[in-house]
Each structure stands twice: as structure tokens, then as C-alpha cells.
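Engineer: Please arrange chain F on chain L, whose structure you already have, making use of the hints.
Protein chains: 2
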Amino acid sequence: MILIKNAKLLRPEGVVEESLLIEDGKIVSIGEKDKSDVVIDGSKKAVIPGFFNTHTHAAMTLFRSYADDMVLHEWLERKIWPLEAKLDADAVYWGTKLACLEMLKSGTVFFNDMYFFPEAIARAAEECGIRACISAAFFDFFNPDLLEENLKNAVKTLKAIEKYDVLRSIGPHAVYTVSLDGLRRAAEIAEEMDIFIHFHLAETEREVLDFRKQHGKLIVQALDEIGFLSGRLMAAHSVWLEDAEIELLAKRGVSVSHCPTSNMKLCVGKAIKYEKMREKGVNFTIGTDGAASNNNLDMLEEMKFAALLQKFYYSNPTLMRAEEVFEAATVSGARAFGINSGLIEEGYEADIVLVDLTKPFMQPEHSLVANLVYSASSGCVDTVIVKGEIVVENGKFVREDEHKILEKAGRVAEKLKGSEEQSS
Amino acid sequence: MILIKNAKLLRPEGVVEESLLIEDGKIVSIGEKDKSDVVIDGSKKAVIPGFFNTHTHAAMTLFRSYADDMVLHEWLERKIWPLEAKLDADAVYWGTKLACLEMLKSGTVFFNDMYFFPEAIARAAEECGIRACISAAFFDFFNPDLLEENLKNAVKTLKAIEKYDVLRSIGPHAVYTVSLDGLRRAAEIAEEMDIFIHFHLAETEREVLDFRKQHGKLIVQALDEIGFLSGRLMAAHSVWLEDAEIELLAKRGVSVSHCPTSNMKLCVGKAIKYEKMREKGVNFTIGTDGAASNNNLDMLEEMKFAALLQKFYYSNPTLMRAEEVFEAATVSGARAFGINSGLIEEGYEADIVLVDLTKPFMQPEHSLVANLVYSASSGCVDTVIVKGEIVVENGKFVREDEHKILEKAGRVAEKLKGSEEQSS
Chain L
1 MILIKNAKLL RPEGVVEESL LIEDGKIVSI GEKDKSDVVI DGSKKAVIPG FFNTHTHAAM
61 TLFRSYADDM VLHEWLERKI WPLEAKLDAD AVYWGTKLAC LEMLKSGTVF FNDMYFFPEA
121 IARAAEECGI RACISAAFFD FFNPDLLEEN LKNAVKTLKA IEKYDVLRSI GPHAVYTVSL
181 DGLRRAAEIA EEMDIFIHFH LAETEREVLD FRKQHGKLIV QALDEIGFLS GRLMAAHSVW
241 LEDAEIELLA KRGVSVSHCP TSNMKLCVGK AIKYEKMREK GVNFTIGTDG AASNNNLDML
301 EEMKFAALLQ KFYYSNPTLM RAEEVFEAAT VSGARAFGIN SGLIEEGYEA DIVLVDLTKP
361 FMQPEHSLVA NLVYSASSGC VDTVIVKGEI VVENGKFVRE DEHKILEKAG RVAEKLKGSE
421 EQSS
Chain F
1 MILIKNAKLL RPEGVVEESL LIEDGKIVSI GEKDKSDVVI DGSKKAVIPG FFNTHTHAAM
61 TLFRSYADDM VLHEWLERKI WPLEAKLDAD AVYWGTKLAC LEMLKSGTVF FNDMYFFPEA
121 IARAAEECGI RACISAAFFD FFNPDLLEEN LKNAVKTLKA IEKYDVLRSI GPHAVYTVSL
181 DGLRRAAEIA EEMDIFIHFH LAETEREVLD FRKQHGKLIV QALDEIGFLS GRLMAAHSVW
241 LEDAEIELLA KRGVSVSHCP TSNMKLCVGK AIKYEKMREK GVNFTIGTDG AASNNNLDML
301 EEMKFAALLQ KFYYSNPTLM RAEEVFEAAT VSGARAFGIN SGLIEEGYEA DIVLVDLTKP
361 FMQPEHSLVA NLVYSASSGC VDTVIVKGEI VVENGKFVRE DEHKILEKAG RVAEKLKGSE
421 EQSS
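Protein chains in written order, with UniProt numbering: chain L, 1 to 424; chain F, 1 to 424.
Do not take every clue at face value.
[To be verified] Straight-line alpha carbon distances no greater than 27 Å define the calculated DSSO-like cross-link-like pairs of lysine-lysine that follow: (1) LYS44/F to LYS408/L; (2) LYS387/L to LYS5/L; (3) LYS408/L to LYS415/F; (4) LYS415/F to LYS44/L; (5) LYS415/F to LYS404/F.
[To be verified] Below, a sample of chain F positions facing chain L; criterion: calculated Cβ distance under 7 Å: (6) GLY31; (7) TYR66; (8) SER315; (9) PHE361; (10) GLY410.
Just so you know, these hints were derived from the structure itself, not from any lab.
Just so it is clear, the structure is predicted and the values come from calculations on it, not from any experiment.
The beta-carbon is built from N, C-alpha and C at its ideal position, and this holds for glycine as well.
The following block holds chain L by itself, in its conformation from the complex (with noise of 0.2 Å):
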């Protein structure tokens, strides 16, 4: 049981200065003056959900920095590809870590991840304490023999990982890397095994006229005569979509990610199309890419990012109001992978952000969802509940030393950075 008092709830209805108690990682009791073994004062802190950052390659931390201001091929394959074939599976557990420990210190409660040794990202995740999706990812390069392996290979991952405290999914790649036939296979997968479904789609537009080109028809079009579109599908970035293909994913009940800053970094060429996604329905949620092209974890950062590139590329200031984004980042998230979570409401998970008010940032406080999406950075977040559980107090990570975590990864980063200039 944990009581957080006089702090400064920020419910669906507004500001509220109540208490707040959680039982068995749940909000119980919202306005009750409970007894409670552990006590949090909450005085000049506000208490709000935390955020769903719904795309990520989190282990791509190893990368952050490593190679920027580059064309994208030229990025790909001389800088991460050489060094993304170095990788194994102690790399990714701590480039994963690192991504972990970021996450949580700033806010996030939760991620929904596509790499590399997936067993290795479940454990981390598990360990850090963080909710999150974890993909079996996999490519065909539309050769049917290598589609049967890679298949069998997936699968036996998602068997592997049930045993870790996190969601799954199956995660075939793009349509410029896996054939239809291996997206049809996938989504049955995905049925049968009662599991999520992470992809890439329509996130340049050269991806959008090869298509076109090779099948004549409309990506979305074509996903949805294989049985391709559903609830558990994650459609990371989804810039380059007709009208057509934003209400047929409305109707078929697809949650896009939104990755502004991902866009914005690697040139996409056009913001997503909220305001159509948002008339027709579409369940909109926030990402943050790997932090390769981004280049950090920053739900706060990355809410800002969408908010403006909304309001300066349609050039209409009123659109993606910041009640709008901060609800991609939270609540909207959650439901896309069936979480009843993101809201500071009772009979809700106990997903709970406690915001510093006393950093100068944070004041005045005429609206706190204007100064979270508009104002706010990390150094704001001082204590992080996830599923009723203390995992960051005071700005600290509280379920492992945080130097080791960075001296390890940075390590590993040094290492596989070594030993691609030695072999080039």
C-alpha cells in the first residue's frame, strides 16, 4: 500500500489536490485519508500518468551519438548496419538497460520494443521493473525458404520470452522487407498466439511508390485483403497514408505511433496526418524511434516535437492542442495494448509519474498539461510507480545501481565501436 498526499492530482477532469492510495497496483481509493505502510508527501508535486512510448529499438542507446547529420544510406550502411552485426545478445541486454534506466527517469512506464535478441530485452525490461512489448521480429526478403525459417525462429522466441513478466508481439519488419505472403503468416501468428503485432509502415515515401509500383494498390489496402489489420497492430510512424488508408485503420480498430522527432531527424518529407486521424477514430499514440535517430527516450521532448511539427507544417497553431498529445502519450498508449492504465482515476493501474513543481520550468502553474507538454524536461521527474511499485524515488532508480548500469553499457558501446574501426 502506498498513500501519496497533498499532492496535486492531474485527473481527466483537472487539477485536484487530493490523496491518492494504491493497493496491489492498482489506484484504489482517490480522497481517502487511508493508513498506509508506505507514505509519499507529495507537496509541491504533481501526480500524473506515465507515459506508453509505443516504438522503440531500445538497445540502439549502444548507438545514440554515434553517427548523425548523415544521408540515410549512407548512415545504414556504413555506420549502424556494421555495427548492428556485431551485436549479441550481453550488448543488447545492456544497451537495453541503459534505454531502461532512461525511460523511467523520465517518466515513461512502459515501451514497446523491435530488436535484435529479444530474450535479452525481456530480461532487462523484467529486471528494470518497466512494462513492455517485446517483438519477435523478422525479415524474408520475399525468399519463401528464408520466410519458413525466420517463421519458425520467431515463434520459438515468443515461446522463450512467455516466461518474462512482459507483453509480445510478432514484428515483421516493413513491406520492403517482408513479402505479403510473410505478413499474412504473421498476423495468424499472432491471432493463434493471442499476441501483439509491431510494425513499420508507410514511413517514406519512396517505401509508399515502390509499393504502389510493384502491386498497384495502396499499402493499407493491400494489408487488409491479407487480414493483415486488427487491434493488435502497432503501426509505427504512418507518414505517408491517403485518406482511404487512415479510415480503413480507423475501422479496423490499427494504432499508429507517431515518431515526430524520428521524422524530422531522418527527413521524412510530410507530418502525419492527425486531425484526419483523429476525425476518423484512429487510436494515435507517441514514440520515440531508437535513440540512434532521435536521439534520446524522452516522452516530454518528444510530445513537444509532435505539437509543433502538427501546428507548423499544416501552419495552424490551434491544431494538436496539448491535451491532445499528452493524451497519445499516455492513456492512448496504454489501450493499444489492452492496459487499463494512463489515467489518474480509481479501479486504474497504478502507472504514476510524481512531476517536481519547484523547477522554474514548472511555474506558474496556470495549466500543468501546457507545462508538461510545452515546458517540461526530465530533470522534472522525481518518482516513478510502476504497476504499485516504487521504481524511481527522488530522481534515483531504486531497483539496481544506476553507475554500473552505465558503466557497463558504455563499455559495450565502446567496444563494438572499437572493433568496427579496427576491422574498417
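Structural biologist: Frame of chain L, contents of chain F only:
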């Protein structure tokens, strides 16, 4: 004398681990292990130049998150102007103190300000130990009588703030609020008094089109004809410029303050022509603008917005590399105001920030500059030294009681809002 030991210094040629000695406000020696009365252990810290924020309306922190996501004229007319009409010197003083606290704690050592009640601003800045250039702003609304009166007041104000430890500028607001005659007179006063000029230039398309319609020429050409352009001029925004105008700015030694977050939030419709400015040799600097249109004064965040906006808008990921935007935010800002600062070099002013490298987002250390630009948030600012004096230590402001500033500014902001809501 302050000796910083064991830290990683961000030198122009790269990162080196050396000691650094500060005496009489200057970096007197690098690499010497001298005795000193104050020794700072720089282990796991980086020593970087502090930021120069070249366009602010600092006291607008009072209106942070008071009104967002609105159309410009409604925002100004219904929300900002009615509150500004109720400002007094005390309100501006506390708003500026809050701004100085926020800026110092996020690594900013200088701000170039334009707002009401300049003497209150100067006093707040001096007390906080931050460098500043304070403007005596004026409008004439194309009324010659008003011009005479406001110029007289501006000169009076400039004399009144001479006693403070700040730089001074005259601030003719913009071409849509000040006549060409007013601008010419401002330039003459700047010359006579040997001070700077702070001015809004070509922020919106409408400003540019209206001017051209009325005068039949480009704004910068008209400004050149009246002798307005010189090394004294800091031209904020400078978005809607023709190439010929950029060339003229470069030729006359004008500095530009780029405010990307404000430009995006207020939907100015275009990204500044950075590449052309770089090519022509314009002194390119970075500003946050006021907190009402940002909503913070965080130069770490501003650098990321600047670099990503360039890349995205011009579809070129190689535009505005991390090193370039870092230079714009530091040494180029210092240069604009004739301050020999912004580099970790012997003989330079000791305006220095110690950055905590044990924050997860600062690891691994492939590139310190890219980590600062693309990954860092203000939580990593550990110690700030301005003119050789420690003003922030271990994340705490040492000159005054932080809580008193927050409380006073918060109370002033509430009162302004309350009085407005009563009267409307």
C-alpha cells in the same frame, strides 16, 4: 581562483581531459595543476561553454502556459495584451528573476532581452549574476509625436540602466510598429551611446508583404538605405528574407537570432534560410523568444529544434550539423555582443557549464556535442560559472533562495490572471 580538475573539456579541437584554472573571471590556463582556493572535482563531468540566448522577453515566464494552441491574433488580443496591460515594474522584476533562474539552471550565461520596465529587468539580471543585454524598447505606430516622446523615454531609460552591470540596446520593435524615421533615429542613438540594437525582422510573411506593398522595396534594402544595418544589430527571427537581403546582412555585420521553437509554435510558415546565411557569413545565433510562445527558455532544447527543423524543412539530414548549432548557441552569440566568450580556451571569459555525464541520456560518449544537441535535457546542468563566479552548484542556485523566487513569481502571475478574469 577556481580550479576544475579531472573534467572532460569541450575544446574547439575536441574533448580533452585536463584541468582548467579560472582567475579574475577568465580562463587563465588549461592543463596546469596550480593551487587554488576553490577546487571543483570534475570527474564524470564535461566542461562546456555556457549558452548565449540572443532573443528573449524574459518576464513572459509569467504567462507560461497561460494560453496555448490559439490563433495568433486571438492569443494576443484576448490573452496576452490584456495581461501585459496590467504589468508593473514589480511583476516584470519577479518574472525576470524566474527567467534568470530557469536560464542559469539550464546552462545559459547570457540573455538578450526586450520587454517593459527595463530597469526592473536590469536589476533582476544583475542580482542573479547572469550576463544580459537589456533593451529600451519603443514603438511609434507611425506617429511623429509619439516617436519624439518614446525616443526621449528610451534615452532616459538607457541612462537609468547604465549603472547596472549589463549591456544595453535600443529596441525599435519592428517595421510594422516603428516608422523608418524611428528606425533611423534608433540607429543614430545606438551609435552615439555605443550600444546595441534589438529588433524583430521578417518574422511573418504578412510583415514582408505589407512592407513591400507600402514601400516598394525589400525590408533589408530599406533598412540599409537609412543606415540601420551594422554590427550593433541583433535581428530576431529573420525568417522571410530574400537571398539579396541575407547577403546585405552579412556584408554589414548584422547578427541574426534564430528562434525555431517559437517559429514552429506560432506557425510562421517557413524555416530560416540557414544554409544561405552560413554561406554568406551572417553571424548566426540562437534565441528562445519569450516563454509565452515556446514555453521555456531552454537552449539545449532550442538547439535540437533548430537542427531538426532545418533538416526536415529542407529535406536534407546533413544540414546544420550538431557542431554548427552548438557554435551558434555559444561563441556566435557571444561574438554578437562583443564578449570574448563561448569557447573553452585560455584568455576567454570564464562563462562555463559543468555537465553531469552520469545522466543516462549522456551515455555512451561517442560524441559529446551530439549528445548535448540531440539528447541532453537541462537536468544534466550541474554547475554554472559566469564571469568566473559560481552561480549554480550541484544543480542549485547559490546566490538567492530559489523557493522565494518561485513563490513570488507564482503569486504575481496568479494575481495578473485573477485581475484579468475578474475584469473580463
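Engineer: Next item in the hint list is GLY410/F. Is there a CB on chain L closer than 7 Å to its CB?
Structural biologist: holds (5 Å)
Engineer: Within 27 Å, alpha carbon to alpha carbon, are LYS415/F and LYS404/F?
Structural biologist: With a Cα-Cα distance of about 16 Å, the restraint between LYS415/F and LYS404/F holds, given a limit of 27 Å.
Engineer: So if I understand the rule, the pair passes when the alpha-carbon distance is 27 Å or less; does LYS415/F with LYS44/L pass?
Structural biologist: holds (19 Å)
Engineer: Check the hint pairing LYS408/L with LYS415/F against an upper bound of 27 Å on the C-alpha distance.
Structural biologist: Status violated; Cα separation ~51 Å.
Engineer: Let's test the interface hint: is any C-beta of chain L closer than 7 Å to that of GLY31/F?
Structural biologist: violated (25 Å)
Engineer: Hey, does the SER315/F contact hint survive, CB to chain L under 7 Å?
Structural biologist: holds (5 Å)
Engineer: Measure nothing beyond the straight line between the CA atoms of LYS387/L and LYS5/L; if it is 27 Å or shorter, mark the hint as holding.
Structural biologist: holds (19 Å)
Engineer: Does the closest beta carbon of chain L sit nearer than 7 Å to the beta carbon of TYR66/F?
Structural biologist: At about 4 Å, which falls below the 7 Å cut-off, the nearest Cβ of chain L leaves the hint on TYR66/F intact, so it holds.
Engineer: So, as I understand it, the hint says PHE361/F touches chain L; can you test that by seeing if any CB pair is closer than 7 Å?
Structural biologist: Result: holds, 5 Å to nearest chain L Cβ.
Engineer: For the pair supplied as a hint, LYS44/F and LYS408/L, confirm whether the alpha-carbon distance does not exceed 27 Å.
Structural biologist: This hinted pair holds, its Cα atoms lying about 15 Å apart.
Consistency note: the structure conflicts with the earlier hints numbered 3 and 6.
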